[in-house]
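> Sequence:
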Amino acid sequence: MMKNLIIENRMFKKHLINGLILLPFIWLSTGIYFTHNSDKTMVFMTIISIITSLTIFKFKVVKNNFKNNRFIWLLIIILSYNLFSYFYNGISSQEIRTLTASILLLGCFPYNILTKKNLSILTIIGTIFGFIGTCYFSKILHLQRDQWPVNAIPFSTIVATYLVFSLVLFLHTKSRKIKITMLMMFIINISSLILSETRGAILAASIAIIFILASELNLNKINLKVVAISIVVIFGMFFILKKPIDQRIDQTAVEYHKIESGNLTSSVGLRLQMWEIAPKLIENNIILGLGKEHLKKLDQLYFQGLISKQLYEAKTPHYHNQYIDKIIKTGLIGLILFLSLLIIPVFLLRKKNIICQQLSIGIIITFSIASLTDVPFNHGQTLFIYLLFIGFFYTSSLNKEKVK
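First residue of the sequence shown: 1, per UniProt numbering; consecutive thereafter.
The hints are simulated quantities; they were obtained by calculation from the structure and are not laboratory data. Please note that the accuracy of each hint is not assured.
[What the hints assert, rightly or not] For lysine to any residue, the following SDA-like pairs were computed, each having C-alpha atoms within a straight-line distance of at most 25 Å:
1) Lys67 with Ile77
2) Lys58 with Gly19
3) Lys309 with Leu341
4) Lys315 with Gly269
5) Lys117 with Leu23
6) Lys297 with Leu372
7) Lys67 with Leu341
8) Lys351 with Gly107
9) Lys315 with Leu341
10) Lys174 with Ile113
11) Lys60 with Leu104
12) Lys14 with Ile50
13) Lys67 with Ile343
14) Lys13 with Leu122
15) Lys67 with Leu337
16) Lys117 with Phe57
17) Lys296 with Lys309
18) Lys179 with Ile132
19) Lys60 with Asn118
20) Lys60 with Asn37
21) Lys297 with His318
22) Lys63 with Phe87
23) Lys280 with Asn353
24) Lys292 with Asn37
25) Lys280 with Lys296
26) Lys179 with Ile207
27) Lys40 with Trp73
28) Lys40 with Lys177
29) Lys292 with Ile26
30) Lys40 with Leu104
31) Lys116 with Phe211
32) Lys116 with Asn37
33) Lys117 with Gly31
34) Lys292 with Gly107
35) Lys116 with Asn353
36) Lys40 with Ile26
Treat the numbers as computed from the prediction; the structure is a model and nothing was measured.
Using the sequences plus the hints, can you model the full thing?
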């Protein structure tokens, strides 16, 4: 009996330590959805994880991570330029805070703890909490999409990430039980995206799904039965959720007809105006960008009669396109560094473990497409999701640790 107690005590201690180290990833699948400042809470979770990791594993894990993980060094370069931009032209400190916390966590994280089993659990939790949040905010509280604690667009980008996870884990597991579970999570994530009515995230997730299935075809591993099930499930969900889909299509059609008639006051019309004025905004600041001065430049353009009253009154904090937003605020250098954040991981992951490769490239595609109509890298919540999971999957691949 004493022996059993000792074993149980050791197991409890092990699970407690693992739980504390995984706390940031647990938060990314739960609380990240429900509070406006959930990215700031994430910093606190990161500190707890780092302290626990250093207490147990000392500095050996830090040495190995900083020595081998080139993605961390890419983040350090980006952070250095962001610090320069912060003092030079006053960009937001949110991205700096998120980059700093991510670098420290990736540097101190023992990668063998986030196993395939744990990733599956996080995917289940993230999926369920995302669905609960979507239903609660949109169908129970009837909040406008910009009134959600986390704006519906980055919220849906997080959901799309767990959609990618559920699909890849479904394709790469032999356990029938886990396959069925991941298929259910896949269905739930699609439901959440449709209910959120976020066009950009739905498009991004759709392209990521197509890429993942196409890559399986190239590997000659795809099961036609799996493809058939996936197609039936996707079309079935679109049929069940036909009403919100039709509403969103009708709204898009109305906006299109407004634009066609020269009315650019709709959400899409305002975005088109933002993108159109980008060259005027950066014409004398193309290298380093405008930072917070972009609002003053908007004022100047308005009083010169170069932008509409509606766009001027919108006082947009960003330009609904990550690529344009980057070059306006941080210049050509900032845009190049941002593109490196999307492109370099693709090259780093070539010929690596296929699961980590598909998970990472699925995220990269999702965020790249979402960046065409939103700024997911400006939001702390989505930036944490991107940096931490890409960093983890790359290091796992590098160490040839098939998440077992």
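> Check whether the Cα positions of Lys116 and Asn353 lie no farther apart than 25 Å.
Given pair Lys116, Asn353 holds - Cα atoms ~13 Å apart, limit 25 Å.
> Given the hinted pair Lys179 and Ile207, is their Cα-Cα distance within 25 Å?
Holds, at about 22 Å.
> Lys60 and Asn118 were given as a pair; does the straight-line alpha-carbon distance stay at or below 25 Å?
Roughly 23 Å separates the two Cα atoms, so the pair holds.
> Hint check: Lys351 vs Gly107, CA-CA at most 25 Å. Holds or violated?
holds (23 Å)
> Quick one, are Lys13 and Leu122 close enough, alpha carbons at most 25 Å?
Holds, because 20 Å separates the two Cα atoms, which is no more than 25 Å.
> Assess, step by step, whether the Cα of Lys117 is no farther than 25 Å from the Cα of Gly31, and give holds or violated.
holds (21 Å)
> Given the hint that Lys174 pairs with Ile113, test it: the Cα-Cα distance must not exceed 25 Å.
Judged against 25 Å, a Cα distance of about 21 Å means the pair holds.
> Does the structure keep Lys315 and Leu341 at a Cα separation of 25 Å or less?
Violated: Lys315 and Leu341 sit about 28 Å apart, past 25 Å.
> With the threshold set at 25 Å, check whether the alpha-carbon distance from Lys116 to Asn37 stays at or below it.
violated (29 Å)
> Checking one constraint from the list: CA of Lys67 to CA of Leu341, max 25 Å. Satisfied?
Holds. Lys67 to Leu341 sits at ~19 Å (cutoff 25 Å).
> Between Lys58 and Gly19, is the straight-line Cα distance small enough, at 25 Å or below?
holds (18 Å)
> Would you check the hint for Lys67 and Ile77, treating anything up to 25 Å between C-alpha atoms as holding?
Holds, at about 15 Å.
Consistency with the previously given hints fails for numbers 3, 9, 20, 22, 23, 28, 29, 32 and 34, ordered from lowest to highest.
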